[in-house]
Structure formats: structure tokens, C-alpha cells
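*Asks:* The chain contents come next:
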Amino acid sequence: MPFHPATRGLIWKETRQLMPLVGIVVLVGGIVTVTSAIIAAISPPVTQLSTSILWSLPACFAAGAAALLVGQEKELQTVSWLSGLPSQPSRVIAVKLLVASLGLLGMWLLTTVTFLLWGFLGTEVPEFVIGRQNIWPADYAPEFFVQSFLILGCGFYAAWKMDSIFAGLVLLVPLAIGPFLIQQLFNGIHHQYTGARVVPPGISTAVFFGTSIVWTFGFAYLSVRAAMRYLSPQPAATPAQLDSPRLLDAWRPTVTVVPEQSLRRPLSAFVWQAVAHQRWALMLILVLLVAGAAGMVRLGDGRDRIWELVSVAAASLAISWLGVRAFAGDGAAARLRFLADRGVSPHQAWWGRQIVALSLLSLALLSYFVISWGVLTGTTDENVIASVAMIAVAVCAVYSISQWVSQSIQMLAGSAVIAPIVAVVGLVWGGITVRYFGTSLLVLILTSLIPLLATRVMMRRYMDGARDWRTVAASIFVAMLLFLVPTVPCVVAIVTAPRLSPHRAQQLQAEAAQIEPVPTVKRMPVSTFADDSAIIFLSGRERLQLYQSIEIDPEELFVPLADHLAADDAAVSIDAYRVNLMIKSATHARAKFELAVEDARATERLVNWINSITEWTIRLRRSHQLADQISADLFEIWLLDALQAESIRTLAGIDLATAGQLLGNSDVRHRARRNAVLVSWKRSGDVDAKPGKIRSRDRLFEPPVANSQSQVAWWFTRKNIADLMAATVIDLIDAGSRGESTAAQRLELCRWLERIDCGSPDSPYSDHFREHASLTERYAHWRSTAQSIATLWFAPWEDQARQLAVVLGTQSSAVGEQQQ
Amino acid sequence: MTREFKTTMKEHQERNYLSLGLGPPLLLILLLVGGLIREYRAATIVDSRSAKLRSELASAVHETSAIETDQADEPTHGDANDRDEWLRLALATREIINQVNFWGRDLPGPSKQFLLAPGSEWEHAAVVEAILTDAAPIIERMIELIGSQSWDKIESRDEIEFPMLELLKHRLRLTIYLSDHDRALETLEALHQFDNRLAQASANVYQLIVESIGIGFWQTTEHTQRIRRLIADPVDSPPVLEDIQRQRSESVLASIAWQRHGLPDNVTGRHNFPFRVPPTAQLHWLDELASFAAVADAGSIRHFRELTHPEDSVGGLDLMTITGAPFADVRAYEIGGYPYWSVWGLPSLEFSRYLALTLVAIKQYQLKYGQWPASESQLAEYAVPPLDPTRPQASPFAIEFTDEGVTVRAPDGIQEWLAHQQMAENDARRNLLNELHVR
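So the protein sequences, as listed, match chains A and B. One point on numbering: in numbering that gives the first Met the number 0, the residue at position 584 of the first sequence is 583, and numbering is uninterrupted. One point on numbering: in numbering that gives the first Met the number 0, the residue at position 27 of the second sequence is 26, and numbering is uninterrupted.
If we strip away everything but chain B, and leave its shape as in the complex, we get (with noise of 0.2 Å):
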């Protein structure tokens, strides 16, 4: 009996040392093993998935190509020409854009205002009229060929489109000076229209809408209700939304197959990742298009945060490669480049018009009935839309009204664009926001 019980505490503490030593290293290997399965089948889905998402995109350009041809047979030359001409303007309009920051350079000063008001002291508007006034035929044909239907698109090349958008802003500039309402009012409009060429907002009228009211230049009702219908439509359009959900995806489709044929990657930049991208990266990527798409469906974006940041509905194991080198964390293989950054700077575009439309409600009450609102509520006949109530609470948003005026604190479209990427610090920023008063 007692032997039989020493034979069993001998091989009981032998296989508890044999396991002391072997348990570690098999449950590495075990971990390491699943980690190749997930990679493995992550690979798979990622092919079909994409495959897929392919031959969407090909049958969708497919289609608008086959309603284009449909729709001009005759036409397109004229397009083509109108598109030559768009061309050579962008190169005629570099010439300007630097001649304007040429002569029209400013010692470096504090302000970082843009709009200057009427009267107010600008040493060299002088030599920026001149340059306007000889460029005028350019840019009067430039806003005739940006409010013609006769092509589609324009392509969003910074390097041809944004002299352009410089030129009208120091246009606009140059009209507000004058105190030319008229003009700066067309110019205001065919930068709005500009940027919904582009499909991406990137003059950012909301901004100088909010700068020309805290100028006062705006005086009369018939004006501000003209930029009242400029600004009408919410950045998320479908269209627009659409537009950044197909530039996406060809994006991550081309990333995704350039790495399957183990070509460098210029969208995710690959030297600077020393070994491939991991599978389960590429998935995440097209989850969330998948998500981005559900968004565009819906047609909002108010929704957008919960789903850019999914650490509510996904856990840390689908944020994670345990195989993949050199990062864990999936995210970090982001894909730049601009649809991505588009997409995220939506919200606070979004927060920049609902800023312009309070701002213009305020000066409408006020030429209507002669003084200024007392409250809020007061202002409920111009349908302003509620504020996005998942804005980040790091940006902070006050009006005050006084008999005198109505003062605004607002952040810019920067500082709210970082509370939303969650990159700014709350005690810091209090400091940053912007007073605008009401004029």
C-alpha cells in the first residue's frame, strides 16, 4: 500500500516538473500556430472579399460610362475642350497665384485672420487689384467653366486645383476690401461649388463665411440670405459620401493586390513597414469600408465616430496580429492619403458650417428686428440644425448674448478636426478657442 502510494507521488511530481518545463513553450507554439491559422483564413476572406468588392466597383464605373456615352454622343468633344481650357487655366492661374503672393507679400504679422474689412489697413491691395484686374478675362471664365455642367468631375489634383482656389480666396479677399458685396458674393458662391466639384470640401467657405460676418460686411437681409442657401446642404451629401466610399476602395483594392503580388506599396508606403502587411490588417481595412459604406447608406454622418472608433463593437483580439510583423496593433498599417483623411475631417466640417449657419441666423434676427437676440430659442424661425450632439466634449462651444452683440466662442476647423482625431488636450485648449463677434 504505501509503496503503491510512493510510486504515484514520484511520477505526480516528475509530471509536474516535466509540465513546469514544457507547459510555456507548447502554449507559445499553440499561440503562435492559431496565429498563422488567423493570418490564413483572414488571407482568404480578404481574397473573396475583395474579388468582390472588384467587380462592384468595375460594374458601377461600368454603368456611369455606359449612361455617359448614352447621354452625349455629340458633346463630348466640347467637353474635352472645355476640359483643355479648364487645364490651361490651372497653369495660367499658377502664374497668377504667384505674382499675387509675389507683390502682395506681407511682412509676417499676428493676425491670422484672412478676410481684412472695408477700410481697414492693407499697404499693398494696390498692387493685388492691379494683378487682379489684368487677370480678370481668367477668372471670370474660370467661374463660367466651374457653374457649367459640361463635365462631370473635376479631378482632385492639388497640384492643378489648388492655385485656383487660392486665386478666388484672394479674390474674395480683394472684393471685401473694396466692399464689392456683389462680387464677393459670386466669388464666395463659385468657391462653394469649387469644393463641390472636388467632391471634398478644401476652401472651406464655412471658415471665410464666419470671418466676413465677424468683419461685418454682410448688412443686408438680401445678402445673408444668399449665403443662407449657399450653405443649405450638409457636408454628408450622398454624393459626396459615395464619392470618398469609391476613392476608398480603390485605394485599399490597390494596396491589397499590390501586396499579394509582393510589390512595394506606395499607399501605405511600405518602407517604412520592413516586412509585409499581415492579412488581418487588409481585413480590417475592409471592415471598415464595410462600415464607412453602412454610413453612406444611411446617408449621415453622426454616426460616424462610433464607427471610425469601433473599440465598442470590436474587441482587442480583431485589433490584433499576433503572426504579422513588425506591429500588433492592426491599425497601425493604416493606408494614408487623402480619401482616408477626407473621410475623418467630415465631422468637423460639418461643426464649421452649423458655426456659418449660426452665425448668419444671429445676423439676420438682427437686421430683421433691429437689435440682437436675447437667447437661442430666439432664433428657432432660421431652422439652424441642432449641434451635433457626439461632438468630442474636449471642444467646447459657447454663445453669449449681451445687449451689445453676441460673442461666439468657437475652435477652428483645425482645433475641432484634433478634438475629433482625440489628439488635443483638454486644458489646453480652452486657451485656443476663437471669440467671434457678431457685427
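Just chain A, with the same shape it has in the complex (with noise of 0.2 Å):
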């Protein structure tokens, strides 16, 4: 071992002090590890969000090291002890550095190692497979790398130079951002001088390089020095310097910083302290709050707004370290035992520590509303602007959760360090509620006061200075509150929903259960015509020879049912598209035959799509689908419509006889109703089993996702209410075919559809709508099927229907004898 004696026994006591440090940082990153693996499944973009969280943790560490090594010993003035030592203060500081070096190399190892491990086991996080391009943290991974580097020099340098942790990390923020600011500087003289919009990438970063690596180095010297002055004996100020003061001297005003007589009230006292104390720490914090607060005002207008950003995270640092100070600051425990031992009740001294830290935040705020307002007098453009109440949430939240890291953890170092990694995980677990859970902002607020009350409820056995396991579990507690308590409203939504009762349930199944499957073909293919790809190399000659070869009827449109069906009974199901398309074909082979009476070819392609709709109507009448019966519907009120004119009824060809048939049925209707209802119910039950494999049609009975409040709470009930809706829709079939009224389960089932017009008369559910559209609104207008269930059924059209099968009944028996 090369090293000397002193040198190793001051490695082992550096390293040994760094220990909790690594321990905390070790477990922070553990956690954010586990939570976001969770998370991911849930939201992407915060997987981004904890992988750079992931990423920074090395250079918290690097924050927190200078801090713990220099700031803790200065407070607790070990650092005395140390000086005395029979060593050169050289060995102490370089050991120092070097420990804390080697340290934040170790932290680097351990995190890519977890990245890499992450990256190997995530198979639900595709953005971390290693190989694979444009991987956004690690895009970014040397200048982290950099950069937690540059924070350990600025951090040492701050920390030997400021008396208390606080103020050297508030420090730390404007040293450490120069590289930053450097190379913004010259991305504008660099714009300024060649007018070129865009840096050369490659320049610009080896701009941040080349500044990163001097300012290290350069702070790292620094720090050298104001450690080596501040370890090395005081010279005696010689009777010349006591006796002509410096320039400077002159102009500083008598202040007598201790107040003649000890102050009345200990709030004012609390106040005093501070101010007196981190003067400094608190102009700096507060300058940076109100930068913050600017910054957040711009930040709206949707522009590429770096500097912003930068003024916005520095100023939620400055936050979350006000609450770190609370119950960390300036050797907090000690003062607060010595006034409980003087008797100052928790509760003043709660409030003591708090007062200052509220003020500068509402300071904060209130200048943000001064700024945004302003901003929002001067411009004309709509500004996406966070109102002051949105901020304070998160203000609140971030301070509240700060404070409790301070109060929970007690030592500086580690909580400047954990505090703000804990309250932005916080903020965005705010945000995954609010997104997911639909929590309202008022639950939001409550929830960011939780760690507040904690705090005060804690605070006499903190003052006393008590420390066991009540102390770590109240912790535990207190985060799964904060963890729980934005889901309460979404699990009370959850476990009060409504329910179908079981015995209905088990009916309903067993009758489901009953029904014999048919054979259906499921696919009806398209003819290549609606193959568009080759068109474009065909000539003008071409495409017209090919435009008058193609025939728009029926069967050349869409492939023959007959090859496809292998038996007579089949039913058939066409998708929704395809309806659609068919329905306007079919319409346009009507307006064609009504604009053009002579027209035989027009005639007789009518005459077809009347027959092949007849036949498709009745296989589509025996699919078990929900949707195939919708279509059916639609395909019988075309027929109605079309049949209904006299001078379409009476041509030849159509299949009256069959056609009277179908839509004189309305027994086969109503079974065909209730059969695919169950069905397609029983179903949708099933669809939990495989998931993205649900195809659109089997969601008929579900809410829409769009109009929930809680995603989850959708998620989880959705499957009550399609419960809720089969069972209103088979009553509704029962009681219209008995010929009874089916408005009560009409607006039972708008409602449990959540359309927001139920009750409203030109709900597609209200008896005004179904009496008053006419046969041609109802297909010209149908849309979708989702959320219009049953809308068609036992609407005044089945009446017109049987009362025109009457009609076509005799027209066709006639038509026999004519021809007999």
C-alpha cells in the first residue's frame, strides 16, 4: 500500500462518512426504478421522465458529497478537529476530493448498470433496448456525465466557502449552470456574427465541453484554495489594518445584527434568526424564485424557451431546498433541542421554521401574478399560462413534500440530495392521477398538505430529538398516504357502482348459454376495383377503356355471397365500412333509376341491389353479432324506403314475396334481437381474457372512455355496466314485443351510455327523434353503432314495414296469377 498511514485512516473515515449518502441515493434510485417499471405500463412519457431522473442521480450524489464531506464538518466543527490533526491540511482536502471522486464513479458503475439491467428486463419500456438509436437519456449520457462532475468541483468550492451547507448548495445552482449559460452566450454571438439560425451541433457541444471541463478544474483549484485557507492558522491582523479600515468600511452601516432585548414573540424571534443568519441564502433563493416565476410566464407561449426552462428548474431546486431548510437548515435539530429544553412549545416552533419559508413562496407567487398578469394585458396571442392557483398546488407540493424529506431524513446532505427527487416524483404522480384517476384539484391540494400536517404532528418527538422505529414508520405512513389518498375519490367510484344482481346475471348466462351457434361468414371481400395503386401509371385512354368495362352493380362490387356460403342457413356479417358503402351504392343505383325512368341498365341494377339486399338482410338476421343486427335494420329501412314508392315497387324482377316476408316478421326480428344481444353480452365478458384483441364490434356495451372522468375507474366498472346495459336492452326487447312502451329502458340505457343528451329531445333515444326522422334521415345520417344501441328498435318504422309487407303480399300473389 503506497499510501501513508494518515492518508488511509482519513480514506476510511471519508469513506465511512459518505456511507448514508450512498445508502440513500442507492435506495432512491432502487425506488424510482421499481416505481417506473410500474408506471410505464401506464404512461410513456414518464418512463422518459424517470430514466433521467435515473440519470441524475449520480450528480445528487455529487451535490450531496461536497456537502456531507465540508458542510456537515464545518457545522458540527469537526472541521477544527481535523485542522489539528498533526497533518498537512493538503492530505485532508485531497483525500477529501479524491473519496468523494472515486465515489461518484462508483454511483456512474452502479447506475448504468441498472440502466443496462432495466433496459434487459423492460420488455414493456422498448425505448431502452440497448442498440437500438435515439435512446433519449442516454443521448444525453455524457453530459450528465460531465456535468455531475462540474457539480462535485463547484460543490467543494461552495462548500469551503460558505459557513453553512445551506447557503453553499443555494450556491451551487448559479456556479454550476455557467457552462450552460456559457455556451448559450455564444450561441447568440455565434447567431449574431453569422446569422445562422442553428449552431452547428458539433461546435455548440464542444463549446459545453470545453467550459465544462475548465470550470471544473478551475472550481476544483478554487476549492483548494479556500480550503487551504480556511484550514491553515489565521494570521493576526496587524495594528495597521485594525486601525485604518479598508474603503469599503467606510460605507457599511452600523448594523447591530443581535436586537438590543431578547424579542416577545418566538415567531418574530424565528424570523430574526433567519434573516440574520442566511441573509445571503435567502436574497439568492428569492431571486431565483422570482426568475422561476418569469421564467413559468413565458414558458407558455410554446416557443423553444431553454433559458426559461432553466430559470423555471432552478427555481423548483430553490423551492424544494427552503423545505429542506425547515427541519435541516443551519443545524436545525440542535437549535430546536435547545429550545424545547427551554420550553418552546412544538407547535411555535413549527411554525417558526415554516413562517420564513412561506413567506419567500408567497412572495414567489404573488410576483407570478403580477408578471402574468402583465404579460396577459400586453399581448393579443392566446398564452397557455398556469393560473396562480395551479402554481400554488405545485408549489405547495413540492415545499410540502420537501420539508417532511427534511424533517423525515435530518441529515442536510441527504435531504438536499432526496428532497427534490421525492417531490417530482410526487408532482408526477399528481399528474398520473389527475390523467388517469380524474382527481380533482381540491383533492390535490389536500393531499399536498398531508406532508405538512406529518410534519407538525411529528414535531415534538423531532425537538426532542427521539429517533426509533415509530419515527420510521410514521414515514412509511405518511407516504403511502400520499401515495393513496389522490385515488381515494376513484375507488369510492369504483366500489359504489352500480351492479347487476347476481341471480339476473346467472339467468341472463344461462340463456346466453342456451343458444345454438351458425355457422357465419365472417368476411365479405371487395373486388379489386377498389384497388386504387395501379390506376395512377394507366393513360387517359386506358382508365376511360377500364372506367366503361366496369359494371357498379351489386355482384361485381362486392364479391357474391354464394361462393362463399356453404350452406343456405349461413348468416353473414359485414362490417360497419362495408355497410355503409353498400347502403350508398345502393342509393346511388336509386337516384340514378329515378332521374333516368327509360333507362333499362339503371333499372335492372336497382332491381339487383333490391334483391341482393333482401338476401343479405336475412343472413345478416341470423348472425349472433349485435352489430350485424344494426345493419340489418338499416338494410330493412333502405328496403322500406325504396319499396315504399310505387314506381320502384312495380317493377319486375324484385323478389316481393321475400321481400314481404322479411320485413313482415317481426317475430324473427325480435328473436334475431335478443339472440345476438345475449350473445354479443357474453361475449364482451370474454374480451378481458385477451387484450388488444378486442375488436370494435364487441364493445357495443361499454361507456365511452372519452366522457369518463377516471380512466381507471372506467376500466374497472366498465364491465358492471355492460352488465347493466344487456340486461336493459333484453328488457327493452321483452317489453316491445309485448307492445308495450320502451321509453323507461331507453333512457335508462342513453344514460348508462353517458350521452349527454338523454332526455333531451333530439337524443336519438327520444320518441320526438324516432317519430319525426324520416326513413331516408335515419340511413343518410347513421354514423356509428357505438352509442346507439337499439336507437332503430320499435320505432314507428317496424309499423310501416308490416303494414307495407301486407301491401307487397297481394302485389306479389298477383304478380303469380298474372303470370300463371
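These aren't lab readings, by the way, just hints derived from the structure by calculation. Treat the numbers as computed from the prediction; the structure is a model and nothing was measured. Treat the hints loosely; a few may be bogus.
Listed below are several chain B residues computed to face chain A (Cβ distance under 7 Å; list not exhaustive) [said to hold, decoys possible]:
#1 26
#2 29
#3 32
#4 33
#5 36
#6 87
#7 102
#8 123
#9 137
Coverage of chain A stretches by chain B, computed from C-beta distances (three or more under 8 Å per stretch; other residues unrestricted) [said to hold, decoys possible]:
#10 359-373
#11 386-396
#12 574-588
#13 762-776
Note that CB positions come from ideal geometry on N, CA and C, so glycine has one too.
Got two chains here, each in a separate frame; can you build the complex from them with the hints?
*Replies:* In C-alpha cells, the structure reads:
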């Protein structure tokens, strides 16, 4: 071992001193990794954020290391013991730097391993498959790496320079963003001189790395100098120096820092203490906060605003550290212990520790209000500026969580690192609950106050310095509360959601099970006519020839059914898109016939369409798909509309007997619908077994997700709603086939679908709409089958169909007689 | 004496420290409470004003329906038949427009001009002609129905009417290509009537007229006079404004009603906003409605911009919500959708009409005197209305008179619209100007 024994001893001491920080960072890293894996499944953008948290953990360690190795020793005054050792101060300084640097390298090793592990394990996080391009956080890994050493250098300088850890940490922020500012300045100058909007990325990156390296070593050197000055014996002031004050001293006002008499109210004493001891740190924080407020306002206009982003990030850090200051700053624990011994109540002490921070945050929020007001007055553009209330909730959450962390951890260097991370995780979790659980603003406000309440409750124990398993248990309990409270309204909604009675469900299940499956032709191919990829390369003449050779007949457009039907009693299933296509083409045939009656070709085509639609409708009615029953309704209405016209009805070649049977037999219609409802409902229940394989037509019994306040509640209650809807539709069919009114069931169904027009005459579920819309309007305006189940059922068109069936029956028998 | 002085000093100092600590939080609380009170007051105002508006709308609807039933006892059935036929034609049109798009599809080219001069190169003219000849009965019946007054308003459903507009535009294109002046005029007239029927212009007949003059299609006095008559009415006729106002009122009321009942709102697209729309934003919608009503009453859009951008009359606080979340700017909670955009589209549409009128006047002058006009003053006899003085400066407009002809440099409809929305950048715009040569 080449090291001097003293050096070895120092290394051992510093390493041990650093251990708690390593433990905390590793713990947080572990938690972030685990929670990210859970959250990634819900929200991919969060994954990016959590990886960048992972990448910034070494930087957090760097910020904490200096505070721990230097700041804490200064605060606990063990540094004077160090300087009293029979050893060179340079050795102490070098060992501290060395151990911190090695620790940082170790952290990087650990982070990389975690990242790789994550990439290999996380199949649900495809961005992190290693070896693929454009992995966002990994792209910036070199920047993160350099930046962490930069923070270490600046951190050591700030820690040696400033008297309190807190002031050191605050100073670290402007120092660490220096190279970034220089890079931006360079970009600005480059733009000014060359006129190019974008600096070549290589040059810009080179500037950043170059400045960072110079900055790192520069501050490392400055920190050594500051440390040497701190640890070396101070020369006594010469009489000359004492007698002739410097030029500046003459201008310095004579401030008595200590009040002449003790202040009567503890609160004002706390304020005095904060102002007197950390004047510059608090001023810097206020500047950062106001700059952040201004940056936040300007962020809203959607431009790429890097300066504003940095100022907001710095302000967020400042808010978090204000929270940390409450219970870990300037030797808070020791001071409070002192106060506790002298009978200051926990209540007063708690308020005393919070009041200055609350005051600063309020000032920042007030300035945010003034700035955003000014911006709103000055512009005509729409600004996406967050409201004061919104920002206040976010600020409150960050501060509240941070001060709770500082009371729980109590080690300033640790809290300063952990609190910002926990606060960001808390904010993200809040965002997730709003997005997916539909949490309201009020609940968020209440949740953000929980940590404040917790520190108040734990204040007595904290002041007494009591730390045992109960303190740890309380911290875990509060963490659980923070996690769970925002989800409470959603959970309540799920638990109290209405359900179908088990008896009725069983009954319906049994009924559904008895329905015999029918052979169904699932797909009806469209002719290749619709394939337009080749048409572009045809010349004008070729196109004309091809156009004239193609007939727009149902058999041409849609491949004949007969080829695909094995048995005569097979059912057919047609998707909604194709149904719309068919109705459009059939209506085109009808319009051409009506406007050119003498045209034999047009007549023949219309007859073809009418017979084909009759055939398809009969087949559709056999299907056990609910969507097919609705399509069959549309076809029947089209048929009814066409055959009601005398001129069409009397055309030769129309199979009037079959059409009459189809339109007249309402029993077949009711039974087909009932079976389809039961089978489709049963299928929608099976859907959960294979997520991702659900087809939209199986989702008819579902309230639309877009309408729901909470997507999670929707996910858990949709099965219940599907049951209730199916039961309601069955009731509707039963009531309708008995000839009773279906208004009550329709209204209920409308409510289950969460339609907004329930009860209004414009709703397709209303009597008014069913009676007043014409037959043509029904199929011409048909948009989607979802959200419209049973709107056409037992409506007046069914009576019209029965009446027409009688006419068709007599007509077809008359035609038959004529032929005989 | 000294003792007393010291005591006051001490109390003074203590008060200072306390106010330093407690002052800002108290101020913030005051601000937030004030914000809440504002929201509460706005909510009560919104309730009363929307109730009033609703009853006004309901009585207006009642009046019109009463008039309708008075006027037409018997013909209602015939109207319903026409309406059904119209819907069937719309369905049929979708089939035809599919065919036109399918068979007449061109390889993507650089030209953004829709109309083609007679005799220019159009390879697929024959197949398009064949399709439109096949569809002639349907198109003619459509034009007939557009011209008849049997039912009042065509519902503005894009999916129904858009293909019909498209088909008419294709017919215009073909008839111009085939030098069929009468049918081209007939189609233009039908398109214009269709626009009026929709209450909102969407075919932009003015743009088509500008293009057709640009390719030198109209060369007789009779034709230019008919075109002039076609576009003589300003775009902001009282019925149009009234209709926009009614649609906008309905969507605002629907949004407010849904939000009040805690229901999700399709009009504002509520899922974009995590929390409820604050009452101050709803009040802003009602204010905007009222200001537009004032424009509608005056029957002019000349001052419309001042009213839609009310930064002069309304201060920052009126555009701001303090306790509403997430946004501070009440304009961020904007109601999207059709009526709103068409309100904003009116000024640019009026500009298109102005442009068309100017070009027609230049052409008329040339047809009458056999030479091009040398200055704008010579067009006085054609009574072109003055250019809207409130047009945004960002949207330049210039006419160059030379011996060989007249060149107009003007933005197209979209550029003009962007300029009105203050979304266009000055320097980038100049290069985008259209050069229109009157031929």
C-alpha cells in the first residue's frame, strides 16, 4: 500500500462519512427503478422522466458529497479537529476530493448497471433496448457525466467558501449552470455574427464540454485554495490593518445584528434568526424564485425557451431546498433541541421553522401573479399560462414534500439530494392521478397538505431528538398516504358503482349458453376494383376504357355471397364500413333510376340491388353479432324506403314475396336481436381474457372512455355497466315485443351510455326523434353503431314495414296469378 | 425617557420582523380568496345571463316554427320529400365523387391552381367527362333542388354536403376546360347559392372566380356582368351573421350547461383540460357573444377585429382567472368548432370577394374600352367597394397597371386568414403572394 498511514486513515474516515449518502441515493434509485417499471405500463412519457431521474442520481450524489464531507464537518465543527491533526491540510483536502470522486465514479458504475438491467428486463419499456438509436436519455449520457463532475467541483468550492451548508448548496446552483450559460451565450454571439439560426451541434457541444472541463478543474483548484485558507492558521491582524479601515468599511452601515433586547414573540425571533443568519442565501433564493416565476409565465407561448426552462428548474430546486431548510438547515435539529429544553412549544417552533419559507414562496407567487397579469394585458395571443392557483398547488406540493423529507432524514446533505427527487416523483404522481384517476384539484390540494400536517404532528418527537422505529413507521405511513389519497375518489367510485344482481346475471348467462351457434361468413371481400394503387400509371385512354368496362352492380362490387356460403342457412357478418358503402352504392342506383326512368340498365341495376339487399338482410338477421342486427335494421329501412315508392315496387324482377316476408315478420326480428344481444354481451365478458385483441364491434356494451372522468374507474366498472346495459336491452326487447312502451328502458340505456343528450328531444333515444326522422334520414345520417344500440328498435318504421309487407304480399300474389 | 424610547424601538422592530414573515402569506391568501369570490360572482352572472339567452333563443325558435306552420300546412309533406331526395342525392354524390377522385386522379404536380384553361394539358379529362356525363341527371337535379326554395336551410353537415360541393367544383372545372360557358356559369351560380344555403361559405366561389379570370376564361360583357351580379352581396349579410350568432349561442349554452352539471363536455373537448372550466372563462364566452351580437346588429364585419381582439377595451384582469385551473388566460378555454371559425373566417372571405370584384371590374373595363385600365380611378364606374381599412398590415395587396395588362399581387384565402389571426410572419409572407394576371 503506497499510501501514508494518515492518508489511509483519512480515506477510511471519509468513506464511512459518505456511506449514508450512498445508501440514500441507492435506495432512491431502487425505488425510482421499481416505480418507473410500474408507471411505464400506464404512461410512456413518464418513463423518459424517470430515466432522466436515474441518470441524474450521480449528480445528486455529487451535490450531496461536498455538503456532507465539508459542510457538515464545518457545521458540527469537527473540521477544527481535522485542522488540529498533525497532518498537512492539503492531505485532508486531497483525500476528501479523491474519495468523493471515486464515490461518484462508483455511482456511475451502479447507474449504468441498473440502466442495462432495466433495458434487458423491461420488455414494456421498448425505448431502452440497448443498441437501438435515439434513446433519449442515453444520448445525453456524456453531458450528464461531465455535469456531475462539474457539480462536484463547484460543490466543494461552495462548501469550503460558505459558512453554512445551506448557503453552500444555494450558491452551487448558479455556479453549476455556468457552462450552460456560456454555451448559450456562444450560440447567441454565433447567431449575431454569422446569421445562422442554428449553431452546428458539434461546435456547440464542444463549447459546452470545453467550458465544463475548464470550469470543473478551475473550481476544484479554487476549492483547494479556499480550503487551504480555511484550514491554515489565520495570521493575526496587524495594528495598521486594525487602525486604518478599508475604503469599503467606511460605507458599511453600522447594523446591530443582535437585537438589543430579546424579542417577545418566538415567531418574530425565528424570523430574525433566519434573516440575520442567512440573509444572502435567502436573497439568492428569492431572486431564483422570482426569475423562475417570470420564466414560468414565458414558457407558455410554446416556443423553444431554454433560458426559461433553466430558470424554472432552478426555482424548483430552490423551493425544494427551502423545504429542506425547515428541518435540516443551519443546524436546525440542535437549535430546536435547545429550544425544546427551554420550553418553547412544538407548535411555535413548527411555525417558526416554516414562516420564512412560506413568506418567500408567497412573495414568489405574488410576483408570478403580477408578471402573468402584465403578460396577459400586453399580448393578444392566447397564452397557455398556468393560473396562480395551479402554480400554488405545485409549489405547495414541492415545498411540503421537501420539508417532510428533511424532517424524516434529518441529514442536510442527504435531504438536499433526496427532497428534489421525491418532490418531482410526487408531482408526476399527482399528474398521473389527474390524468388517469380523474383526481380533482381540491383532493390534490388536500394531499399536498398531508406532509405539512405530518411534520406538525411529529414535531414534538423531532424536537426531542427521539428517533426510533415509530419515526420510521410514521414516515412510511405518510408516504403511503401521499400515494393513496389522490386515488380515493376513484376507488370510491369503483366500489359504489352499480352492479347487476347476481341472480339476473346468472339467468342471462344461462339463456345465452342455450343459444346454438350458427355458421357465419365473417368476411365479405370487396372486389379488387377498390385497389387504386395501379390506376395512377394508366394513361387517359386506358382509364376511360377500363371505366367503361366496369359495371357498378352489387355482384361486381362485392364478391357474390353464394361463392362463400356453404349452406343455405349460414349467417353473414358485414362490418359497418362496408354496410355504409353498400347503402351508398344502392342509393346511387336508386337515384339514377329515378332520374332516368327509361334507362333499362339503370332499372336492372336497381332491381339487382334490391334483391341483393333483401338476401343480405335475411342472412344478417341470422348472425349473433349485435352490430349485424343494427346493420340489418339499416338495410331493412333502406328497403322499406325504396319499396314504399310505387314506381320502384312495380318493377319487374323484384322478389316481392321474399321482401314482404322479411319486412312483415317482426318475430324473427325480435328473436334475432335478443339472441345477438345475449351472445354479444357474453363475448364482451370474454374480452378481458385477451386484451389488445378486442374488436370494436365487441365493445358495443361499453360507456365511451372519452366521457369518463377517470379512466381507471372506467376500466374497472365497464364490465358492470356492460351487464346492466345488456339487461336493460333485454328488458327493452321483451317490453317491445309485448307491445308495451320502451321509453323507460331507452332512457336508462341512454344514461348508461353516458350520452349528454338523454331526455332531450334531439337524442336518438327520444320518442320525438324516433317519430319525426324520415326513413331516409335514418340511413343517410347513420354514423356509428357504438352509442346507438336499440335506437331504431320498436320505432314507427317497424309498423310501416308490417303495413308494406301486406301490400307486397297481395302484389306478389297478383303478379304470380298474372304469370300463371 | 430613554427607557420608553427603547421599548417603542423594540416593538417596532418586532412588528417589522412579524410583518416580514406574515405579510406575504396573508397577501397571497387575500389574492386567492379574492379570486374565489370573483369566480363565485362570475358563476351567478353566468347563470342568470345564460338563462336569459336560453329563453331568448327558445322564443326565437318558437317564432320561426310558428311562422313555418302558419305558412305551410300542405306543402310540408312535399318539403319532406324534397329533403329526403336531397339526402339520397348526397349519398349518391359520395359514390360519384369517389369515382371522380379514383379515375381522375393525377400524379402530384406543382400546380396549386384548381381550374384549367381550355385546351391546356389534362390527360384524364375524357374519363372525368364520362363520369360526369353518366352522373348528369343527378347533378342537374341537385342544381334544381339548390335553386328551389322548398325548404329553408340545408343542414351544415360536412359529411353530407361536402361531396356535393366537391362534385360541383369538378363540374365547373370540366365545363371550363371544355369551354362550355353557359354550364360553367350555371355551376358557379349553383355553388354560390349552395354557399348561401349553408349559411357559411365553404366552396369559396370568389377564389374560383379569381382563378377563372386569371386563365382568361370570360371574354364577353354578358358573362362578366352575370358574375358581377353573382357576387354583388357582401359576405356579412344580416342572415349570415344571425345564423352564426345562433349557432355560437347554442354551442356556448350547451357547454355551460354540461359543465354546470359536472358532465364531460364535447364542445370544449374537456379531456384536454384536467379540471373544470372556471366560471370567469364562461363569462368571457358570453361577453364575446354579446360583442358579436353588436356586430351582427350593425350588419357589418368592418369592426369585427376590434371586437374579437378586445385588448383595448378589456384589461388583463378580465382575461384572467386566479383560482381557475389549469390556465390563467380565460381565452385558453376556448370553444372550438364550426361557428367560431367561420366567424373568424368572415374578414378573409370578404377580402376574397373584394379581390374577385376588382378583377371582374378590370376585365369589364378591358372588354368595354378594348384596353387595360391605367389606374384604379378608372374603375370608378364599376363601383368596387373600398378595401377594408382595418385589414392587417401583414397582408400586403398591390395592383400594377402596365400597357400589357394588369397584375394583382394578393394573398390567397388561407394567407389572408392567417394574417387576420396574426399568425403569419411579415417577412415570410411577401414571398407567398399570388401573382394574378388578368387576361
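*Asks:* Run every hint past the structure and note whether it holds.
*Replies:* Now the hints, each set against the structure:
1. 26: holds (6 Å)
2. 29: violated (10 Å)
3. 32: This interface hint is violated because 11 Å lies over the 7 Å limit.
4. 33: violated (11 Å)
5. 36: Since chain A brings no Cβ nearer than about 13 Å to residue 36 of chain B, farther than 7 Å, the hint is violated.
6. 87: Given a least distance of 5 Å, the restraint on residue 87 of chain B holds.
7. 102: OK, holds: residue 102 of chain B within 7 Å of chain A, min 5 Å.
8. 123: Result: holds, 5 Å to nearest chain A Cβ.
9. 137: This interface hint holds because 5 Å falls under the 7 Å limit.
10. 359-373: holds (count 9)
11. 386-396: holds (count 6)
12. 574-588: holds (count 5)
13. 762-776: holds (count 4)
The earlier numbered hints that this structure contradicts are 2, 3, 4, 5.
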